[in-house]
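Residue numbers (this note's numbering), protein chains in the order written: chain A, 1 to 602; chain B, 1 to 201; chain C, 1 to 276.
Heads up, some of the hints might be wrong.
Claimed, not checked - Computed cross-link-like contacts, EDC-like style, restricted to lysine to aspartate or glutamate with a CA-CA straight-line distance of at most 20 Å: (1) A:Lys564 <-> C:Glu68; (2) C:Lys239 <-> C:Glu218; (3) C:Lys249 <-> A:Glu525; (4) C:Lys67 <-> A:Asp476; (5) C:Lys239 <-> A:Asp476; (6) C:Lys180 <-> C:Glu245; (7) C:Lys180 <-> C:Asp162.
Read the hints as simulated data drawn from the structure, not as lab findings.
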Amino acid sequence: MVYVPPQEVEDVHLHDPDTFMTKYIWSQDHKVIAVQYSLTAIAVGLVALVLSLMMRLQLGWPGVFDFIDPESYYQFVTMHGMIMVIYLLTALFLGGFGNYLIPLMLGARDMVFPFLNMLSYWVYLLSVIVLMSSYFVPGGPTGAGWTLYPPQAILQGTPGADWGIVTMLASLALFIVAFTMGGLNYVTTVLQARTRGMTLMRMPLSIWGIFVATILGLLAFPALLVSAVMLLLDKLVGTSFFMPAIVSMGEQLDYSGGSPILFQHLFWFFGHPEVYIVALPAFGLVSDLLSTHARKNIFGYRMMVWAIVAIGGLSFVVWAHHMYVSGMNPYFGFFFATTTLIIAVPTALKVYNWTLTLWRGNIRLNVPMLFAIGFIVTFTNGGLTGLFLGNVIVDIPLSDTYFVVAHFHMVMGVSPIMVVFGSIYHWYPKVTGRMLDDRLGRFHFWVTFLGTYAIYFPMHYLGFIGVPRRYYAYEDFDFIPESAITLNENISIAALVVGAVQLVFLYNLVISYRRGKLAGSNPWEATTLEWQTPQTPPAHGNWGDTLPVVYRWAYDYSVPGAAKDFLPQNQPPSDDAPVQEEDNLGFDSTDPASGGGTREDA
Amino acid sequence: MSILDKPWMAERSAIDNAVSGGSLNFPKARVALIFLMAVITVLFMLFSVAYKMRMELADWRALADPSVLWINTGFLILSSVAMQWAVSSARKGKAENVKLGMALGGAFALAFLIGQYMAWLQLRAAGFYAAGNPANAFFYLITAMHGLHMLGGLVAWTRSTARLWRGNDVADVKLGVELCATYWHFLLVVWLGLFAMLIST
Amino acid sequence: MAIVIVLVLMAVGSVLFHIWTPWWFTEVASNWGAIDELIVFTFAITGFVFVAVVLFTAYAIYKFRYKEDRRADYEPENKKLEFWLTVVTAIGVMALLAPGLAVWADFVTVPEGAEEFEVVGEQWNWTFRFPGADGKLGTADVANITYDNPFGMNADDPNGQDDVLIEDYEVHLPIGSPIKVLLRSKDVLHDFWVPQFRAKMDLVPGLESHFWFTPTREGTFDLLCAELCGVGHYTMRGKVTIESEEAFKAWLAAYPTYAETVPAPSDTGGGAASGQ
Chain A
1 MVYVPPQEVE DVHLHDPDTF MTKYIWSQDH KVIAVQYSLT AIAVGLVALV
51 LSLMMRLQLG WPGVFDFIDP ESYYQFVTMH GMIMVIYLLT ALFLGGFGNY
101 LIPLMLGARD MVFPFLNMLS YWVYLLSVIV LMSSYFVPGG PTGAGWTLYP
151 PQAILQGTPG ADWGIVTMLA SLALFIVAFT MGGLNYVTTV LQARTRGMTL
201 MRMPLSIWGI FVATILGLLA FPALLVSAVM LLLDKLVGTS FFMPAIVSMG
251 EQLDYSGGSP ILFQHLFWFF GHPEVYIVAL PAFGLVSDLL STHARKNIFG
301 YRMMVWAIVA IGGLSFVVWA HHMYVSGMNP YFGFFFATTT LIIAVPTALK
351 VYNWTLTLWR GNIRLNVPML FAIGFIVTFT NGGLTGLFLG NVIVDIPLSD
401 TYFVVAHFHM VMGVSPIMVV FGSIYHWYPK VTGRMLDDRL GRFHFWVTFL
451 GTYAIYFPMH YLGFIGVPRR YYAYEDFDFI PESAITLNEN ISIAALVVGA
501 VQLVFLYNLV ISYRRGKLAG SNPWEATTLE WQTPQTPPAH GNWGDTLPVV
551 YRWAYDYSVP GAAKDFLPQN QPPSDDAPVQ EEDNLGFDST DPASGGGTRE
601 DA
Chain B
1 MSILDKPWMA ERSAIDNAVS GGSLNFPKAR VALIFLMAVI TVLFMLFSVA
51 YKMRMELADW RALADPSVLW INTGFLILSS VAMQWAVSSA RKGKAENVKL
101 GMALGGAFAL AFLIGQYMAW LQLRAAGFYA AGNPANAFFY LITAMHGLHM
151 LGGLVAWTRS TARLWRGNDV ADVKLGVELC ATYWHFLLVV WLGLFAMLIS
201 T
Chain C
1 MAIVIVLVLM AVGSVLFHIW TPWWFTEVAS NWGAIDELIV FTFAITGFVF
51 VAVVLFTAYA IYKFRYKEDR RADYEPENKK LEFWLTVVTA IGVMALLAPG
101 LAVWADFVTV PEGAEEFEVV GEQWNWTFRF PGADGKLGTA DVANITYDNP
151 FGMNADDPNG QDDVLIEDYE VHLPIGSPIK VLLRSKDVLH DFWVPQFRAK
201 MDLVPGLESH FWFTPTREGT FDLLCAELCG VGHYTMRGKV TIESEEAFKA
251 WLAAYPTYAE TVPAPSDTGG GAASGQ
């Protein structure tokens with residue numbers, strides 16, 4: 001193997017740890033920071049999971065659990081949503097997977113600013129602590145819904161309107177600071193610290209997804225900061241940015257003239273890109289899982305890259321599709337419905353390319369692959385229901401019903417979580433040196449996959465009836481049949497089962513750390529650089545004395561004429577490891593009849 | 001290299017193998033600064049959009065902009081000029097001039113911040129409270145946000161200046177000085193935009 | 001191979017669930033039946049795509065399951081296939097969007113001569129106002145609201161004197177003619193929604209929003225708030241009764257006009273009833 005001296009790439013000043021504290025607590029090693037980010041995100045995610053189960057208890061058996069009163073129900077709704085979207089998924093995909101994979105997949109020794117990276121984690125942890133402190137302030141956390149719409153969010157009549165909303169907004173501001181520090185790091189590392197031969201178009205799609213999502217985050221989070229700061233001033237100083245003249249509980253308030261819709265525009269200008277901040281890394285990671293375990297290159301790599309970039313760009317011009325019934329100028333509906341449906345095209349192409357990657361592959365049905373397949377199903381389902389809600393007039397009866405709840409949980413709850421699980425099963429061997437237990441993993445997959453489908457698929461039909469979301473109880477409605485209440489009960493049972501099974505996953509994470517089968521450096525026979533490190537788990541600095549040199553793209557699986565069915569990116573060309581000479585070896589160009597009948601083009 | 005390349009092809013491979021170094025021909029700290037400035041630009045653009053949208057509503061009463069703002073703007077320009085002088089001195093290797101330029105740049109920036117605070121005091125004395133009218137509230141909010149970014153710049157400035165005073169070689173501090181100057185010019189441009197918006201309404 | 005069987009069962013089961021579901025739309029009671037048709041149409045297209053993707057995936061997994069002695073194809077891309085997939089998808093999307101925008105154009109265009117009435121929301125009650133004999137609603141403002149003037153009526157506006165004020169959780173509307181619903185809120189966001197009408201719209205404090213519909217079926221329907229409005233959100237309920245013009249007029253006549261409420265501060269008949 002040929003190496004070049006590390007001077008080829010601007011050297012990173014590594015902070016060499018010598019004590020336990022500097023190695024595991026105040027660490028500047030991206031791998032340790034990645035694990036810190038991931039564990040914190042999973043811990044706070046567990047809190048949000050428990051909150052969702054509490055909601056399901058109330059919805060399934062209303063009135064039976066009398067510790068769940070309306071105040072606490074709305075607090076569960078709010079904290080569950082905010083934690084899952086921001087503090088779990090955003091932090092886990094970018095702070096966790098981004099931190100771990102960017103330097104390793106690109107052949108770098110670390111992030112370019114290790115100190116800033118460490119600071120990013122600690123500010124993130126602080127934001128989580130401030131968020132959790134909501135439970136210990138007078139009145140408890142805010143119950144305004146994760147969208148925090150004013151005037152409601154800061155008025156009496158909403159739980160936590162005195163303190164909870166303030167801790168929430170402060171925590172968000174801290175999170176944004178943490179994210180910006182991390183994000184500058186990720187972007188700069190991707191652009192400037194790739195090893196020799198690692199061009200942008202040779203990067204694995206995981207990195208493309210994380211890279212574009214980070215740029216989206218950097219440009220979108222300011223909108224959340226602006227709305228949070230202005231809302232905080234309305235609350236604490238008495239300004240009227242968003243607050244019109246109001247009579248609350250029979251009393252004239254000192255506000256006048258503000259615009260609640262202005263807040264909604266700012267919030268969703270952040271909020272919609274946020275969906276893709278979660279989705280794009282998931283798209284990238286799942287592409288790599290599918291390709292590796294199907295032993296086949298990702299189909300249409302260039303299209304996949306273009307689609308990621310196009311979706312990222314378009315995500316900034318669709319925000320008001322969350323506001324079709326907000327009372328904004330109705331003519332905006334034409335524009336935003338059109339842009340929203342346009343974004344469906346690159347998204348659909350990604351789905352086709354994932355399934356076409358399986359076609360004529362050599363598919364190993366291990367646990368990461370099962371989760372990746374689960375992702376294809378749930379994402380397709382959730383993506384297609386987006387065509388209902390994006391199409392402005394169809395959204396009118398469905399908005400604010402359980403159809404919306406089912407849609408966004410399927411598309412940005414279940415499917416990213418499928419990728420999170422698949423990715424953890426996939427990369428755990430690199431992080432710890434040991435495999436996760438396969439049988440526990442399969443059990444975890446089956447219950448999670450079937451259970452979540454059982455929860456969310458029927459939920460769409462509650463939405464068709466017109467069952468409104470964010471209701472503590474549904475008493476004496478003429479239009480809701482008795483059977484819908486039974487359905488709610490069944491959904492709650494499924495949710496409790498799925499929730500409980502996550503304990504198996506946690507048990508697996510813990511038990512395999514000591515007792516798991518030794519993994520070796522490349523258990524999945526993957527091509528990307530993180531599997532070619534001299535040590536597993538990779539040592540501080542990742543690559544020993546010399547950086548790897550990249551000779552091929554990330555997807556040289558089953559190359560014709562090669563001795564093995566995978567060629568690592570740092571494998572130089574040779575007779576046993578050729579590089580592709582001809583263009584278009586695709587099945588359709590040589591054999592147009594095959595596979596044509598079952599394509600999903602519709 | 002572009003996103004049209006077919007990275008799996010042999011002809012492409014030979015070219016790609018030779019590629020090394022960053023995508024942008026800048027030091028990594030400058031790349032990060034470029035992105036940071038993009039983030040800050042978006043932040044202030046959003047404040048401006050919110051300002052314009054809020055302005056359209058009926059209860060907007062323009063405030064009397066304190067005249068001290070003109071002097072502050074002068075300070076900020078001088079600060080930028082001094083920083084630029086420090087950069088060109090650093091390129092020529094004149095250590096004493098770099099020190100002087102940085103010191104002046106920092107001093108003028110501080111003067112700007114004090115002046116902004118004076119503007120607040122004047123407004124308060126004239127009875128323009130934040131809760132009184134959204135025009136007042138936006139004035140305090142936008143100047144405060146800009147001032148906070150200036151303060152952040154002064155933290156970076158302190159690091160570079162301290163290294164200069166500790167006697168580090170000019171070549172070692174050159175990048176830090178250049179980045180400070182870039183950020184200073186950027187905040188000047190942002191301020192000119194905000195100032196124009198504030199006085200024109 | 002369990003996954004193959006499960007995927008096939010999921011595709012088939014989802015379709016069967018859809019066919020046999022007891023949970024479906026309420027019977028429509030307004031002119032917006034076109035939305036139901038659009039939803040059924042969208043279901044046909046998206047359902048086909050979902051089943052096709054899942055079945056294709058299942059078949060691929062079955063046919064190309066791991067075998068020691070086999071190699072996967074090497075296939076970085078296929079321009080022709082990707083091009084046609086793009087075209088077909090774009091056509092499918094346009095087929096959904098075009099009729100959607102056409103119906104939306106109807107939705108945003110209020111017919112000439114639509115009867116107006118006003119909905120005023122507060123935490124957590126509905127109240128209503130009709131224009132009275134002159135057919136014009138008087139101006140009103142949150143700033144005017146007092147205990148005796150819960151609608152915030154402008155006392156100097158002649159148009160407002162004959163406005164009928166309904167402080168009750170039930171409202172009646174005449175069948176058959178287009179109605180423009182004007183929406184105002186005293187405090188926070190609310191959303192006026194009757195599932196059978198299909199249409200809904202937020203009430204936004206500080207501005208007046210609106211939507212329109214034509215009632216087409218007599219009956220009494222649940223009115224609910226569809227925008228989270230605080231801890232009592234789920235209790236913000238009402239009723240809408242659709243009836244003949246004559247019955248509606250008789251019902252309306254029982255409520256006081258604004259002018260009638262002014263001189264006598266004590267309640268004149270509407271009562272201070274509330275949803276819950």
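Status of each hint after checking the structure:
no., hint, in the structure
1, A:Lys564 <-> C:Glu68, "12 Å, holds"
2, C:Lys239 <-> C:Glu218, "13 Å, holds"
3, C:Lys249 <-> A:Glu525, "79 Å, violated"
4, C:Lys67 <-> A:Asp476, "59 Å, violated"
5, C:Lys239 <-> A:Asp476, "12 Å, holds"
6, C:Lys180 <-> C:Glu245, "16 Å, holds"
7, C:Lys180 <-> C:Asp162, "19 Å, holds"
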